[in-house]
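There are 2 protein chains.
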Amino acid sequence: MDFLTKKIPDNELKLMYKDYDSLGFGMIYTDYMFTMKWTKEKGWEKGELKKYEPMSFDPASVVIQYSQEVFEGMKAYYSEDGRVLLFRPFDNAKRMYKSAERLCMTPVPEDVFVEAVKELVKIDKRWLPKEKGTSLYIRPTLMGTGVALGVHPSPEYNFCIFITAVGAYFSSGFNTVSLYVEDKLVRAVVGGVGDAKTGGNYAASLLAGLKAEKEGFSQVLWLDAKENKYIEEAGSMNIFFVYGNKLVTPKLTGSILPGITRDSVIKLAAHLGYEVEERNISIDEVVKGIKDKEITEMFGTGTAAVIAPVGGLCYKGETVYAGDNKVGKITEELYNKLVNIQYGEDEDIFGWVETVDTI
Amino acid sequence: MDFLTKKIPDNELKLMYKDYDSLGFGMIYTDYMFTMKWTKEKGWEKGELKKYEPMSFDPASVVIQYSQEVFEGMKAYYSEDGRVLLFRPFDNAKRMYKSAERLCMTPVPEDVFVEAVKELVKIDKRWLPKEKGTSLYIRPTLMGTGVALGVHPSPEYNFCIFITAVGAYFSSGFNTVSLYVEDKLVRAVVGGVGDAKTGGNYAASLLAGLKAEKEGFSQVLWLDAKENKYIEEAGSMNIFFVYGNKLVTPKLTGSILPGITRDSVIKLAAHLGYEVEERNISIDEVVKGIKDKEITEMFGTGTAAVIAPVGGLCYKGETVYAGDNKVGKITEELYNKLVNIQYGEDEDIFGWVETVDTI
Ligand SMILES: Cc1ncc(COP(=O)(O)O)c(C=O)c1O
Ligand SMILES: Cc1ncc(COP(=O)(O)O)c(C=O)c1O
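Protein chains in written order, with my numbering: chain A, 1 to 359; chain B, 1 to 359.
Just so you know, not all the hints are guaranteed correct.
The list treats identical chains as interchangeable, and a pair is accepted whether it falls inside one copy or across any two copies.
[Stated by the list, open to error] Below, computed lysine to aspartate or glutamate pairings styled on EDC-like, alpha-carbon distance capped at 16 Å:
id : residue 1 : residue 2
1  : Lys211    : Glu101
2  : Lys184    : Asp195
3  : Lys130    : Asp284
4  : Lys329    : Asp357
It is worth saying that the hints were derived from the structure and are not from the lab.
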């Protein structure tokens with residue numbers, strides 16, 4: 001790759017972590033990281049693969065003071081036939097491009113993004129756990145590293161990528177989670193930055209997230225900020241409601257993160273013959289639908305869990321359960337089909353899978 | 001101060017910057033900074049005064065990935081009788097405490113905040129320019145420096161303070177600025193983090209800020225996010241409208257930063273015999289008020305400018321000017337009175353001024 005300055009010698013590569021069960025999420029960092037710098041004068045400089053290490057920032061830099069930062073979350077999978085696979089990496093590249101534009105940052109060219117991810121995954125591939133469900137979680141991050149105390153876009157950017165080895169999300173079985181419907185605090189609003197993957201959205205979500213956890217729920221389910229009425233998305237997943245053979249998911253209004261798993265489920269479900277509706281859906285409609293047993297299944301979609309079956313929703317103190325709080329059939333079908341595509345076991349009918357290398 | 005570990009020897013102190021005119025804002029950094037660390041195990045450790053230098057962050061730290069950061073902006077002034085003064089520092093400490101709580105961060109005890117500011121200002125006092133209008137701009141910052149990739153509050157915090165020497169805001173005369181009323185993009189919404197001084201609010205504001213600048217305006221004037229109708233605040237100032245002898249300013253709904261200058265103007269104006277109303281005020285009411293000449297003056301309030309006379313507002317392509325785009329009498333009176341208190345020239349009737357040291 002001609003955008004890289006230096007390669008790490010092979011003998012510096014550590015052996016990978018072996019204990020799949022204790023992997024968890026975001027606990028085990030690989031050896032290397034990728035960094036690439038942009039300045040007004042020079043544009044994008046050559047990228048570098050180097051040891052994972054702390055980075056040095058001016059305390060007055062725009063990423064620290066004004067949170068000018070966007071990121072992505074994506075995974076690399078080990079396929080039975082020995083390949084290392086990425087899932088829709090160009091869609092992550094595209095989303096980060098858009099996020100960067102919204103935050104007035106110099107975007108990373110999409111092909112550079114994907115190539116950089118591939119180069120880093122290659123050099124860190126020994127860390128890729130081989131059990132199904134495990135993966136490498138890849139975190140590309142673009143930061144405003146220059147100083148502009150007067151609230152302006154940074155004159156300098158750093159694009160870095162690091163990787164953590166992650167365990168199977170459903171290591172204790174494919175079970176339902178329940179969500180806490182937050183009706184006062186909000187995550188984002190139309191006209192804001194809710195559809196960009198930027199740190200500030202997550203900082204803003206912490207308080208409601210802690211509240212949900214204290215009440216015993218796994219994530220928040222956010223409502224729209226204007227009317228506190230329409231369902232938006234969960235803490236780190238988009239949300240689907242299954243009405244018999246029809247899937248309903250909130251339409252992208254501008255305040256919701258356009259999840260790549262969400263898009264994949266929409267396409268896959270349509271391909272499997274299910275009807276899919278993207279529309280506004282109010283919390284009252286959902287609660288009624290659950291009570292009337294019209295909503296038969298619910299699930300969240302996101303890179304971390306792929307598909308997380310949702311059993312209950314707690315709204316204004318009352319928790320209602322769909323499908324007897326059991327994993328639904330369509331949920332399970334979609335999960336299996338999607339995971340099989342991601343792990344290279346089923347045919348890649350949508351052209352979503354990229355091979356990085358072989359192990 | 002027993003919360004500090006080490007003092008910088010006096011002979012290490014550089015001489016201060018002499019060229020007041022080219023000071024600008026955020027250009028000239030002083031020699032030293034203050035840092036203080038909090039961990040779950042040890043709580044707040046002793047703070048440290050040290051050379052201003054880049055800090056080291058894990059790329060996966062919560063401040064970088066999820067923008068868990070809050071900050072303050074405040075000034076130190078040189079008084080004619082040779083003292084170094086702070087203006088309402090305990091109010092900055094209180095606001096940062098609240099901001100931190102909203103962002104699920106360990107707040108800095110208010111007395112520690114103020115003492116740390118004082119210690120740093122003392123050691124950097126040779127940088128304090130002596131011309132009226134100039135000052136030290138102080139930037140206390142609290143950051144989530146620990147790693148928690150799973151979107152949780154940081155297990156570690158760093159409280160740092162740094163200082164820049166700043167020139168007079170109105171070095172080319174006390175003139176009006178014009179604001180661009182943004183009617184699509186929004187800064188914050190009720191239920192969000194608009195009333196916290198957190199980086200994400202500023203990242204979200206960059207795009208509209210650039211747009212306003214390109215159109216030739218100095219800042220954005222934000223409308224509420226629910227109805228795009230009620231005036232909130234400007235890019236880095238709160239806003240006041242003068243109707244004859246009455247001042248009207250948007251009430252604090254939860255999405256507006258509760259400015260310390262705003263509060264000072266409210267108290268000072270009331271003391272001077274003006275009527276002050278804090279209430280919802282729509283952009284239509286303001287445009288009509290300007291056209292009908294009921295609104296006689298407008299001004300913004302913030303630490304940077306103290307009071308910035310506002311001449312025109314551009315709304316939906318039309319710019320309307322109040323008071324013939326000249327600086328209003330009440331605006332000027334309030335500016336002079338407030339600045340005189342800040343610089344220790346007028347009696348400190350409200351108990352707002354803290355003496356740090358003498359030069
Ligand atoms: C807020 C939020 N919504 C939705 C998603 C799902 O997006 P994706 O499917 O691209 O991972 C994520 C990220 O994982 C998220 O953080
Ligand atoms: C968004 C915003 N509003 C208002 C203000 C004014 O606040 P203060 O008077 O405390 O400086 C500021 C900060 O300067 C600000 O950034």
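Against the structure, the hints:
no.: 1; hint: Lys211 / Glu101; result: between (32 Å within a copy, 13 Å between copies)
no.: 2; hint: Lys184 / Asp195; result: between (20 Å within a copy, 15 Å between copies)
no.: 3; hint: Lys130 / Asp284; result: neither (44 Å within a copy, 63 Å between copies)
no.: 4; hint: Lys329 / Asp357; result: neither (34 Å within a copy, 72 Å between copies)
Violation of the numbered hints given earlier is confined to hints 3 and 4; the remaining hints are satisfied by the structure.
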